[in-house]
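Asker: Protein chains in written order, with the numbering used here: chain Y, 61 to 274; chain V, 10 to 799.
Hints are computed from structural coordinates only; laboratory data are not their basis.
Every value quoted in this text rests on a predicted model; they were computed, and no experiment measured them.
In silico lysine-lysine, DSS-like type, Cα no more than 25 Å apart, as pairs:
hint, chain 1, residue 1, chain 2, residue 2
1, V, K431, V, K136
2, Y, K102, V, K311
3, V, K40, Y, K213
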Amino acid sequence: MINLNAVDRTQAFRYMGFHGEPDEKLNQLADTCEQKLLSAVKPRYCWKLFQKQEIEFLLLGQDIQKHLEHCEQVILFCATLSQSTDTCIRLVQTNDILAGMMIDAMASAFTEQFCDSVESEILNHNFQHKYATWRFSAGYGDMPLSIQDDFLKLIHAQKRVGVCVTDSGLMIPRKSVTAIIGLSDTPVETSKKGCAICKLRQNCPYRAKGVHCN
Amino acid sequence: MNLNFKKILEQEKFLVLDGGMGTMLQAGGLKLGGIPEMLNFTNPDFITSIHKAYVNAGADVVYTNTFGANRLKMAKTHKSVQNIIKTAIANAKNSGAKYIALDIGPIGQLLEPTGTLKFEEAYDIFKEQIQAGEEADFIVFETMTDLLEVRAGVLAGREYGNNKPILVTMTFEENKRTFTGCEIPAMALTLEGLGVDAIGINCSLGPEELMPIVEELCQWTTLPVIVKPNAGLPDPVTNAYDFDAEKFGSCCEKFIDMGAVILGGCCGTTPEHIKAIVNMLKHKTPVQRNISIPSAVCSANKTVIINQPRVIGERINPTGKKRFKQALIEHDIDYILNQAIQQIDAGADILDVNVGLPEINESEMMESAVKAIQGITDTPLQLDTTDRKALEAGLRCYNGKPIVNSVNGEEESLNTVLPLVKKYGASVVGLTLDKNGIPKTAQGRFEIAEKILHHALALGIRKEDVFIDCLTLTASAEQEGVMQTLEAVHRVKTELGLHTVLGVSNISFGLPNRELVTRNFLTMALYAGLDLPIINPNIANIMSCVRTYKLLANIDKNAVDFIAHYGNDTAQESKPKIPQDSSNLNLESAILAGLKSEAGIITKKLLASTEPMEIVNNILIPALDRVGADFETDKIFLPQLIASASSAQSAFEVIKAYLCEHSTESVNRGTIVLATVKGDIHDIGKNIVKILLENYGYEVIDLGKDVPYESVVEATNKTHALLVGLSALMTTTLPSMEATIKLLKQHCPWCKTVVGGAVLTADYAEKIGADFYAKDAKETVDIAKQVFQN
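Given these sequences and hints, build the entire structure.
Answerer: Here it is in structure tokens:
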């Protein structure tokens, strides 16, 4: 069961570039930020099921093709913490940059938590008898961000959850995720691939230290 | 309301709109990912047949197939907006519909500050659609969720729509808010103020879920109400909607009983659903709604009803404040934002915004300030200026219904200010003075109030939107005037029935113990009928005066608010909390430990005995160097570095204020321009760099995020900055970093560039022509030291 009443702090601290045991002051700040964040977030999601061949035009790049190799159907979903979260981050950032950074990192961590819960809810309620791949997003591997616009249109994301995309492929509200889950009748790869597929691997501060971000 | 539209409604009794277009297009074979508007060209007969099916079902109005026909969404089609819209209107006309509505949906990108689209750009996009749609009978904005976007559209409609009726429907969730948080009262107040002809709700929910939303809307507007629900909710697996036509029609009957007069269907509805509405309406007559809308102001997400004393915070105003003036000259928006946050935390209901200074362009400043404040808070604003242009600049981009401060009894003021108040649907403060100055007597001021009211009513401004300021005179200079002011307040309130406003603090000017005088006058004024005291909410004893009055006047029922604020006070005066004992702490250790408020307090003390520059050079910078060295060697991490930088920043703020008051000297070791490049809106990294650079005494010109190439060049040229820092966090925005550098090299050959951001590498930085790559904020400071050789 995924807990949406608390932020995954370990993850948030990691996003902030913090290693080791946080001191009392940092923990106190995290308490305040967590409280503010949880009262600001309005988690929303929408999804739709497609036959793979219906949406071939969206599946650009070899990595996503490989990812969905043995799948007949795909779920496209979009999850967002909504605009109120952006406003809250902006507000906190205005008079305290450290708190601003903390709440931003927490919001990112919370987005992932929310995605996990959405994913399990969709799968458990509708596709118990199928095998599902891990969720793949535009920007992973060689799948370009330029598909975001069509992706969001296909599931009416603006109308249903208020998510749009800028010309540079950035989703707004900021704490939003789109992802593709492949469904199959035969077993498929269910765990995430890690560094091999990551674009930042050349420059990654975690790898430099011999650790992982996730 | 538009006279033609009024006539149409009187004739028709009810207007029936069409039903879903998307559903019909898909049923007719629109491919996944296809662009619906293209069918206007590729299959015009099909489009006309859909319109015709709705006309045959009994719809009076059909919406053109132009929901997404704006230049952004149509860019891929290589068809002009004009061509698409004209063709769509022709297709609609061929159906023989009684009225054709030009359908305009959301632009598809979110406006600033959450998104990157500028208000003016949004206006321009809508303007193009509206001009292309001149052959239509009505202009319709539908499925809107952002009130600011709607305002851009409605303004374009009013200014370029040849007086066509404008209908607006927005999309709400069950919590009675849109995705962006817009409330029903705010929508109604704002759009009725802007002179829209009918407002309502469409999409997102089925008729049953919409009931409470429509009910509330009917309480907040005198305009005709539109309802265009979905046929229930879609199933993500089967895509089917769960309301058949019969159920839909009978559900819609309840909307008519609530007062709606314009009905149609949205997603999932078909001609059958529309026929069901037409049949239901045969036996109905419109309900007479007798409602009165209260005095209220709002932002998109918050409405403040003036049914009890509401505090207007006065602190965003440079008068007599050197530090504020400096902030305005340096375009230091963060300073203004902090003034806003402080007052809201202290309990202000509305914020007065005065950013006028002879040295600056007030219109630009007003616009920036309004946008920035609305970007972080919901508190409604009062736009305070004597400059007509600045007033209009603020009114145009304000999201909601603001107060205009002010108009007075002079003809010129009445003729310039009131038309703007009417056009933008604001409330207005009327000052009881005219060309002869401030009348000595209450009677004289009362007469001017009457005159202002008379003029406002003649322009169609509601009485509820006129607030009168009977003007506080200084008790030390004009003692006999105090009671005249209070009597005028009382008469305006009771005889004219208007709400009243007063700048309270002025009463005690020139007297000892000002706070005591101000507090007592405030209580007297509230008792006399003052609704909107303009005060400094940061002074606890002044806010407590308002809260006590509300308790004693039986407004704060059961003293809930009073106890919430003062329930923990003991009999003795509670002393302000001093953060941690700072006596044993020196500035260096405060910075190392990241103690923000302590650093400020210690700096204040130090300034009594030490030169400001000595503090900067001998304490602040060495402490920061130590922090930086610890960061580089992984003894501390980014959060601690930032905590230290923030405490150095608060020490700096104290030094800055001191220098403002005591000398012309300022700390400046060099000017640096910073920006997050065009297309990118990640700015936390850039902001950390900014603080660190400022800690070291550099003057940072922060251009913000999503900054056009030209603006970087312009700022670099203007300030002749030796160093420009550019940040980008996405691979898709690296090209705009490259373009910015190229333009800088061309136009500002003297300057060096330093770049940073998650996706950058030293190699890539070199490839795009940057002079330096900084892997973190600390390294940027080292580079700055190198460039400025200090």
